[in-house]
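Under our numbering, the first residue of the sequence shown carries the number 571, and numbering increases by one thereafter.
If you are wondering where the hints come from, they were derived from the structure by calculation, not from laboratory data. All figures in this text were calculated on a predicted structure; none of them were measured in a lab. Glycine included, every Cβ here is placed at the ideal spot set by N, Cα and C. Be aware that a few hints might be false.
[Claimed, not checked] Each pair of labels, with its calculated beta carbon distance range: (1) Ser600 x Arg648: 38 to 48 Å; (2) His586 x Lys635: 38 to 48 Å; (3) Asp650 x Ile609: 12 to 22 Å; (4) Val632 x His586: 37 to 47 Å; (5) Glu585 x Asp633: 26 to 36 Å; (6) Val587 x Ile631: 37 to 47 Å; (7) Gly637 x Ala610: 15 to 25 Å; (8) Leu590 x Gly629: 16 to 26 Å; (9) Lys635 x Glu585: 44 to 54 Å.
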Amino acid sequence: MLKTAIRAEDSIMSEHVYKLVELVGSSTQSSDDAVRNAIAKAAESIKHMDWFEIVETRGHIVDGKLGHWQVTLKVGFRVDG
571 MLKTAIRAED SIMSEHVYKL VELVGSSTQS SDDAVRNAIA KAAESIKHMD
621 WFEIVETRGH IVDGKLGHWQ VTLKVGFRVD G
C-alpha cells in the first residue's frame, strides 16, 4: 500500500484565495527587467503577491530600432480573510 505524505505547507497553500491583477511592465534593457519592474512597482501597494504568469511579450519600435520591451503579467496575491 502506498502512502502519500502531504506537507503542511502544501495543505495550507491549497486553502488560500487569490485575486488576479494584470500588469504591463516595460524596460529598455530586457524583457526580464520589464517583469522585475512590474513586480517591484506593484509590490509598493499590493501585499502577499505569490506568483505571476507571463501573458504576452512585445516590443516597442522607435525609428526602426527596439525602443523598449513590454511584458504583460497576471499576478496572483493572497486575499486575507
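*Any of the earlier hints contradicted here, and which numbers?*
The structure conflicts with hints 1 and 5, although it agrees with all the remaining ones.
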